[in-house]
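Chemist: In case you want the letters, here they are:
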Amino acid sequence: MKISSKILWATLPLLFAAFATASGITYYLSREALREIAEEWLETRGQEALQAAESQAEFLKAYSLDTVEASVRQAQSDAAAIMASIDIGQEGFILVMDGSGRIAHAPDPGLIGEEVGAQPWFAQMVSRESGRISYSFGGRRYLGSFHYFEPWQWYVVATDPESEVYGAVNRLGTYVLILGIAGSVIIAIVLMSLTRRLTAPLAELVQGAERVGRGELDTTIPVRTRDEVGLLARSFNDMTDELRVLYSRLEERLTTVVSNAPIILFALDAKGALTLLEGKGLDTLGLDPQGAVGRPLSSVFANSPEILSAAEAARRGGTVSSVAALHDQIFEVWCAPHTGPQGEANGVIGVATDVTERVLAQEKLRRQADYLTALNETTLGIISRLDLDELLQAIVTRAGEMLDASHGYVYLADETEAAIRRRIGVGVYGETVGYELQPGQGVAGKVWEAGAPVVVNDYATWPDRVPNPRHDGLIRAVIGVPLKSGTRVTGVLGMAYDTNTDRNFGEEEAAILSRFAELASISLENARLYASAQEALRQAEEANERVLEQNRMLESLSTKLSKYLSPQVYSSIFTGSQSVEISAKRKKLTVFFSDIAGFTETADKMESEDLTQLLNHYLTEMSRIALAHGATIDKYVGDAIVIFFGDPETRGVREDALNCVKMAIAMRGRMRELTEVWRASGIESPLRCRIGINTGYCTVGNFGSEDRMDYTIIGGGVNLAARLETSAEPGEILISYETFAHVKDEIHCEERGQITVKGLAYPVMTYRVVDSYEVLGAKARQLREEMPNMRLDLDAGSMSADQRVQAVAILKKALDELSEK
Amino acid sequence: MRKYRLTKRNVCRLAGMAFTALLAILVIAPAAWAMESGSQFLRLGIDAADLGTGDPHRAASRNDRAVVDMIFNGLLRYRPGEAPQIEPDIATSIPVPKIAGGKQVWRFELRRDVMCHPGPQTEGYRLTADDVVFSLRRAADPDVSSYAGDYEGMTVTKVDDFTVDVTFDTPLSSILFFPKVADYAGGFIVCKQAVESLGDHGFATHPVGTGPFVFNGRVAGERIMLAANERYFRERPLLDGVEVRYLPKFEERDRLLRDGELDVIFGSEKPDWFSAISNHGPITVDVFGVGQVITMHFNLGRPPLDDIRVRKALAHAVDRDVFRALFAEGVVENVYSPVPVEFLPGGLSREEVAGLRLDYPHDPEKARGLLAEAGYEDGFKLKLATSERGHYLANYESLRDQLAAVGVDIELEVVEHREMHRRIREDENAIVIYVAWRPNADVFLTRFFHSDSTVVTGESPDTNFSHYDGIDRLIETARSTRDPAAQVRIWKQAQVKLLSDAAAYPLHYVNLVYARRKNVDYGHPLKAALALYPQFTETTRFKDR
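Those sequence lines, one after another, are chains A and B.
When we follow my numbering, the leftmost residue of the first sequence carries the number 78, and every step to the right adds one.
When we follow my numbering, the leftmost residue of the second sequence carries the number 2, and every step to the right adds one.
Treat the hints loosely; a few may be bogus.
Unchecked claim - Label pairs and their calculated CB-CB ranges:
hint, chain 1, residue 1, chain 2, residue 2, range
1, A, Ser162, B, Gly154, 30 to 36 Å
2, B, Ala355, A, Pro184, 17 to 23 Å
3, A, Gln201, B, Ser452, 58 to 64 Å
4, B, Arg235, A, Ser162, 56 to 62 Å
5, A, Ser162, B, Gly200, 52 to 58 Å
6, A, Ser162, B, Thr285, 49 to 55 Å
7, A, Gln201, B, Glu352, 32 to 38 Å
8, B, Gly261, A, Pro184, 53 to 59 Å
9, B, Arg235, A, Glu192, 58 to 64 Å
10, B, His281, A, Glu192, 19 to 25 Å
11, A, Pro184, B, Thr285, 57 to 63 Å
Derived from the structure by calculation, the hints contain no laboratory data.
All of these numbers come straight from a predicted model, not from anything done at the bench.
In this text, a Cβ means the ideal position worked out from N, Cα and C, and glycines have one as well.
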């Protein structure tokens, strides 16, 4: 059956069924919908009618006419007239019946007065008073909506024949049926013609495909349409064209391959007779394909059982690959069964590829790889050796291993390069280490001279050999290769086979050994460089040692020297930040002068040794404090100390001044502590400092002669500081206004009055330093008094409870003592 | 207002008009007045001694109404010869009311081609909203209008030159509203400039309107002359003019008609003349509405008529057909409700009344029974005043004769027509037979049956001769009902009630009877005319001229 007929028979009943179902559903739903609409609509109309009656009745009541018989009748007739004007479709109407079932009003005057009281539907109305009703009247079916109007005992029915209600849907049913049948037929016809149009070109395509299947590649299908089928036909044509081209190209390539590649292509029929025998491989074998076709395979490859067995295996259905030797050639044979269109075995196809060259090349490659592996291992073995003798030994050993030679040597040129000396030897050469050769002498000499490998495989008869009774008759073949440093030949590596073997050295061995020698040369060079580097290192260490010795000397020298210099001056000179030359600069500095009050008197009483110790102790303590505060100690003059802040390093004028004053406070404090120490060592009266501090411009720098220079300060500011110091009471720190201005925020000072200074035109305001505010805060609970024969130093804030109990006991005792007199 | 510019075209038009006027004066007029054969002047003979007034807002008599009908228009008009059908006249369309600000507004768009006639003091000019507003306000002014009462609660405003709004505080139905602005009574539109220039009195003697015919002169007590309005907005009348001759004597009119001196005359209901003239070759008789309704009013305030049984007895005692037989065939038709269903919405038909058993069929036995029931088995006596005029006298006499059969003795006193009117308004008659036309059901019912209209005792005494007060609320409700159908229902119920109460017994209506020469073609059907004559319009013509 054709596709078009199939489609027709498949779709037509479906279409009929679909249309019939759709029609049925449409009819049913429409009828139901119409019924609902009609009932609603009749209900609305019924309400309207009822309202007409109600409004009339209300009217009568409102005008007290409900007792006037004529008025009531008129109102009823008005209500009926209003009802008559209510449109209910074409055939519907309002029917009014009185309580007894007599028709009181109807559009058809003939109906008025008719009795319907006996009708079952009227009984239904009477029982329900209002609702929907479906009834038969005058031979017709009606739908109705009724209401009972009590004041007039009217049953008001809005009614419409069912024929009108369902008229549309009944007509619709017929239309739908006709449309359905017509639609089905039309669709079927359209489908058929469409499928015909579709299938005709498809049939052509099928025929075309069959022709192509039979190998008629020149088949062309006419393209009739532009649709998908047309495209298919065009594609089919393109495909056959492509196939044609491909086929001819394949044929061509196959011919080229078969006639040029070293293969033999053969095919056997089911009986094992040759149907094809071609290929350049036949030429190699000197076989003539002519006349072979039709004969069994064994007639051609009688002496190659591998081919015959492969063909046999393929005939039994297996695909076989094997290697066959044929005459001097090696063939890779591949045989596969040839199957017919139904999958039945109907012969064998075989290809024998000449792989002789490939096999030989592979063999050679394998050998080279072996050598390279050995070379690599060897090289890695020697390259890390740095000791020359050890290295040479390794080179010879490895080379021997590599070439499987048991005899070998290394010659190295001597310093003059006039001769080469055997530095190492193995085998027969082991006994003649130190043997010397001239250029061109023996194999090694020739290598050294020429800088190229030399191979002698018949050493016994070689005319240039150096006679040596130890070797003669024992060495069969010798090879020598140069060892080079850059282009310069620095030695020779030689290997030898003895007569116990029949091996000779060939180009391959020469190349391998040369390459090995190149690597060995690098190792030798490394060893040599390593040796010279070791030497250089040793020499450098010696020189360094000497320098260090000198440095140590200098260091001790400068340490001694530093004691005579201010650390700042020392460091700035020794670090090179300030050169030692006569120069000065003007800077704002804070200058400190101090001396010990009554020192001369004290000194007079003391022995020189003790005095030196006391003074040095004093100055050391003060200097430590000064350096801790970053001061530049200018000089010591006896018990006097001159210190300044602001050069060579400065933290800013204010900070310098503050540090200076804090230093002075620290010194004063330290002096109190030292008094104890000194008292213990016999110095009765305590040493007390007078300190003056001023901040002002000074000239600072190196002053003096070329041979002897002092780093010091000069100027009015210095003089004022000195003047302040002399004005100070023992234990007092006196500062100028300038300094006061810088420190007053942190240091508690008391005004001390003005002094006059020589060289200054105006008197200078002076201040007595009490202490820093920081310390004063902590000293709140300290009590410190001193008078002849009494000293009190109490720091209650720092005391523990026990200490306090103890202190109280002491002070009570003191009080008792004082009160006794 | 548009200035009249003296362009070349206008000069030509002016010249043409002047020439036409000259021609009319020199040639046509004398010819017309000479009544030569072939002229297009129509001659009407009517039963009055003279023109009463030409002012439409005053014109109340049948004869004056006929004259103003030819000279004036309304915003709407009753279709000529086909009343009460309404169509636009000066207005371009029949309006639909809108409610604005709680008031009912009727908006009229005016035609722009309506020209006022030239008057003694004024040129012809284009009628605008100003004239309409002036006219309607004038109709509502009791000092100058006989119909002012109909326009209470009405406001007229000009919207633009050709748009007028008529507003009512209390909405009206179209049945009640349209007569107020139709070509009837106060609805006639007068030309403001003419009224203002002439004064109300002058205007009454020389009416200036917009209608098909222009007032063209008057011979007191003899005739008035009307000429065709050359610029009538519908079209120039086919007639060249109309001559109205005042001939109160029927015989003279009859003679002149027969002699061909007149073309149309007001006829007579007398059967013998009627049959005689109907057979006269060149003359024919037209009987048409609207007919005046003749109703018998029973005075409820006057014993023994205060007893409903007595009133019902009287109703059953008389027979409409007997009354009808007094007049020529076709001239008089029975009516069964006070509002004539033939001419006005709101009336009850014979079938309706019979269905309600309110037609009181002639039944002397029943009448006697009812009287006996009421205690008047021997009847009673009544003295009634009647006019000497035909409709009154004939009917009263017939009533007397018919009631005599049930023992009711009536003594008639024939008095002058005017005297009768005076006496019945002084509540002298226990039974009043009254001939009247009213423009709508409301006016009929209000004036005859609303308690306010009760003679002597009413708030505004009018013609409620029955002293009836049973339908006041119904009348008022109907008046303010805007839905015409509902309104009609209420009017009918009102009449059902008053008929149930036997307050009145409608006898018949009297058609108008006009005779014409057969060559006169009115140009329209002739069923009913509120103008109370056959109506001469632009289409009226002589068939043979």
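Chemist: Run every hint past the structure and note whether it holds.
Modeler: Against the structure, the hints come out as follows:
1. A/Ser162 with B/Gly154: 30 to 36 Å: Roughly 32 Å apart at Cβ, these two residues keep to the hinted range, so it holds.
2. B/Ala355 with A/Pro184: 17 to 23 Å: holds (21 Å)
3. A/Gln201 with B/Ser452: 58 to 64 Å: violated (50 Å)
4. B/Arg235 with A/Ser162: 56 to 62 Å: Once the Cβ atoms are compared, 37 Å apart, the range 56 to 62 Å for A/Ser162 and B/Arg235 is violated.
5. A/Ser162 with B/Gly200: 52 to 58 Å: Holds, at about 53 Å.
6. A/Ser162 with B/Thr285: 49 to 55 Å: violated (41 Å)
7. A/Gln201 with B/Glu352: 32 to 38 Å: holds (35 Å)
8. B/Gly261 with A/Pro184: 53 to 59 Å: holds (56 Å)
9. B/Arg235 with A/Glu192: 58 to 64 Å: holds (60 Å)
10. B/His281 with A/Glu192: 19 to 25 Å: Given range 19 to 25 Å: violated, Cβ gap about 60 Å.
11. A/Pro184 with B/Thr285: 57 to 63 Å: Given about 43 Å between the Cβ atoms, the range is violated.
In summary, the numbered hints that this structure violates are 3, 4, 6, 10, 11.
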